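Going down the list, the sequences are from chains A and B. Going by the numbering used here, the first sequence opens with residue 1, and the numbers climb by one from there. Going by the numbering used here, the second sequence opens with residue 485, and the numbers climb by one from there.
Keep in mind the hints are simulated off the structure, nothing from the lab. The model shown is predicted, which means the values in this text are computed figures rather than measured ones. Honestly, I wouldn't trust all of these hints.
Not everything, but these chain A residues come out facing chain B in the computed CB check (under 8 angstroms) [unchecked claim]:
id, residue
1, Leu7
2, Phe9
3, Leu131
4, Ile153
5, Leu168
6, Val172
7, Tyr176
Using N, Cα and C, we set each Cβ at its ideal position, and we do this for glycine too.
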Amino acid sequence: MLTLIILLFPVLAALLVLAVRGQQAKQIAFIAALIELGLAGYAFFSFVPDANSQFGFDYPWLAQGTIRFTAGIDGVSLLLVVLTALLTPLIILSAFRHTYDRPSVFYALILFMEAALLGVFTARDAFLFYLYFEAALLPVYFLAALWGGENRIPVTFKFFVYTIFGSLFMLVALVYLYFKTGTPAGLHSSAITALYNLNLSPTEQSWIFWAFFIAFAIKMPVFPFHTWQPDTYVESPTPATMLLAGIMLKMGVYGVIRLMLPIVPEGVQTWGMTALVLSVIGIVYGAIIAIRQRDMKRLIAYSSFSHVGLMAAGVFTLSLNGVQGALVQMLAHGINVVGMFFVADIIASRTSTRLIDQMGGITRYTPKLTVYFMILLLGSVALPLTNGFVGEFLLLSGVFEYNNILGAVAGLTIIFGAVYMLRLFQKTMFGKTTPLTEGFNDVSGSESWVFIPLCIMVFWIGMVPNSFLKLTEPAVANLLQFVK
Amino acid sequence: MLPIILLSVFGIVLLFLGFLKTRAVLLPAALLFILIALGAGFLEWNKSYLYFGDMLLINNLAILFSTIVLISAFMVVALSGDFLEDEMAQPAEYYAILLFSIVGAMMMIGYENLIMLFVGVEILSVSMYILTGSDKRNLRSNEAALKYFLMGSFATGFMLFGMALLYGAVGSFTLTDIKSYILLSHGRPSLLLYMGELLVLIGMLFKVSAAPFHFWTPDVYEGAPTLFTAFMSTVVKTAGFAALLQLLSVSFSAIYGFWWVILAAITALTLLAGNLTAVYQNSFKRMMAYSSISHAGYLLIGLAALGQQSRSALVFYSLAYSLATISAFGILLLVAKQHTTDGRPDESYSAFNGLSRNNPLLAFVLAVSMLSLAGIPLTAGFWGKFMLFSAAVDRGMVWILILAVLMSAVGIYYYFRVVIAMYFREGQAGRIRVAPFYQFILIAATALTIILGIVPGLFQNIM
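Isolated chain A (complex conformation):
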């Protein structure tokens, strides 16, 4: 029942926000997001760490009740529900410093987005999952295309068509699987667990693997399906970029864990190597491009592309370490990337440029920003005791066990990550001040309130990763048992 409340509340709140005129909308949206965080927090603390789906609900929906409106939270879902509910209020708070035209629509779209994302992470019916997967696209598309930069119309349109095109293949696969259930006699079922137990021939496994892979690879994105990503991140307003990078790309990784691995394990075994190689290419390719970037936002966009490559690689190893690592890393990356984009937004709006070679010496004026930036940066480069370390360590060990050479190449991500991140930090914060960075204002109170929870999370996950890992482990083990 709790899941139903978690899914409906943001929708109702968004409708309320739509009805509000003027700048009050943002306060209401923020309070609603905090209440939602409270609900997710309650779920987090009262969650029983076993493989079962909890707090669920189940209503008949379509086709004589064989397609059901059903959702629940298990360990894998829980982590992403917490991530979504935690980041949304921070994203809203981070937007307070801008005055957006038509604020009620802006903040309502963020809440609609939250509802759709939570739906993706909790759905227990394949078609419900698909529905939310697509529905999540609309709010963020409008956010990006209405409040984005100059070049927003063609860029966001490419993003929209590209991702919808991908997920249509998933729809084909799901419809096909739905008709495979319950044969020869009996009713079909689209419950995700019903799809786990299908006996698919090797050919079918391969086809369905690719249908899923295209959908999720575009969403994540995995090389070579990433071409929509950097432009969209750069052109979107920062809150939309945060939603995209912080939460939405996790939909792809989550989809692989939830649907692909248990439904087509043989397909993953056959084609896993191909997928891994693509992911590893993405890691190195993204990192190298990130090193060469002059635009802060673009640099972070490519770093995000590089990081998600490692998550994808870990998941396709089909090992407990790989999947667990991907889950923790999703949480960690969500926190770090939102923090980094916020830093970039603060610097860009105060210096009115995003080019890092026009900056320098900011640290002279900003002790607080330097500390926050440093903490988030250390998390991103996976220093031990920070959140990035746990995930990357597990992921790399998973990839290494799978194939030594790939593991070694993927390991480059840590070195490259340090190179581009430290370069970003050094070019902006240290060195000589430039006319643009002269008299830079340190972070204000409300801006601090975005950073503080993020920084706490960086250390919490880094120091006591078990408080998260133990919640997900039974569920992951349960999913992986279908692979054997």
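With chain A fixed as given, assemble chain B onto it according to the hints.
The following block gives chain B in isolation, referenced to the frame of chain A:
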């Protein structure tokens, strides 16, 4: 049965109401008549009757299709307030012809005898020829009417020839007789039957604008007054597909192996022709014409993969398509009036630029109908496509499903051009005044589209 008689009488009554000095009474009268017919139709719910010497069968399926036709007609009439102000228009005649054409559509939906089908097709088509040419001062409208008439007569000729051949083979025009003839022929029916079926199919496929019989569609849709385009693209299509469903599922299901290949090929061709050509259009109205071709393609999937699911899928899809199409044309009517080039309304995409600024409601209505036509989740159009695709998978036609999915991706491209124009481009559109009733109809259609998109089960329970 009752609605057919009532509508025929009401049509004549409307003609006489035209003699009154006050035109204002015509619109409410026409709406009332349609509502009465709608209510009368449901008197026969859950009873299956044959009428007119077994020529007409009214069952639940027929009532559902008739309801969609009547709802479409109701919306079109409700959006027709402009005629009352236009000096040159003859609203009494228009409304009467609309009512007569619904009678034709209902005959096509419930026929049990090929003669009835022919009469229905002719009533509907002749009404459409007249309405297409009703904008007498517009050269385009005249051209469209002539084109439609010539091509349409040709197609009807084919159909009639096919019926004659069927009669030659079977010795009867009744659908059930054709069926029992096929069953008794031990898998070797006469060649005349195959030829006859093909020719009837060609005639009907012309009416629903399936490729390669679609070439008349863009010109006719563009030339006809927008309101009648809306009527044509919904009512004719719904009735046409109901007729095809009846023909194929009752008479010819035993020789499915013969015709499904032909229909599947036509489906593929229609999907390709409709969607790919729509991408290159610059006029919204012309794009809608190609979009109607592409939707004929999706609906054809339900026929090519005829099975358990086809009926409910076709009904649902027709409803979703009609709601979205009529609201889209309703908005086009309002927007095109604002900008005129050479005295003609501007129907290009750029007419919609910046619509959301001053007319958020109109922009929202059009956006929802575009999303529904594109088949985006949370709209009725998504479930319509979903049901048709399921029917295809159930029959093992995965390749047609993949083609349809690719074409839906193409569809997103051209439907979203309007959304982009409305929301993301700057325009000088001022506030458009909309009559309250007009607004109500648009909102109701949009609400229904969204409700059916969230709880499609509501509708399936009725079936």
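Double-check Phe9 (chain A) for me: the hint is only fine if its C-beta lies closer than 8 angstroms to a C-beta in chain B.
-> Check failed: Cβ of Phe9 (chain A) comes no nearer than 17 angstroms to chain B, outside 8 angstroms.
Hold the hint about Leu7 (chain A) up to the distance rule: shortest CB distance to chain B must be less than 8 angstroms.
-> Violated. Min distance 13 angstroms.
Classify the hint on Ile153 (chain A) as holds or violated, based on whether any CB of chain B lies nearer than 8 angstroms to its CB.
-> At 5 angstroms from the nearest chain B Cβ, Ile153 (chain A) passes the 8 angstroms test, so the hint holds.
Tell me if Leu131 (chain A) is really an interface residue toward chain B, meaning its C-beta lies closer than 8 angstroms to one of theirs.
-> At about 5 angstroms, which falls below the 8 angstroms cut-off, the nearest Cβ of chain B leaves the hint on Leu131 (chain A) intact, so it holds.
Satisfaction of the Tyr176 (chain A) interface hint, Cβ to chain B closer than 8 angstroms = holds, 6 angstroms
Let me know if the C-beta of Leu168 (chain A) comes in closer than 8 angstroms to any C-beta of chain B, holds or violated.
-> Holds, about 5 angstroms.
Go through the hint on Val172 (chain A) and say holds or violated, using the shortest Cβ distance to chain B against 8 angstroms.
-> Since chain B brings a Cβ to about 6 angstroms from Val172 (chain A), closer than 8 angstroms, the hint holds.
This entry does not satisfy hints 1 and 2, going by the numbered hints stated previously.
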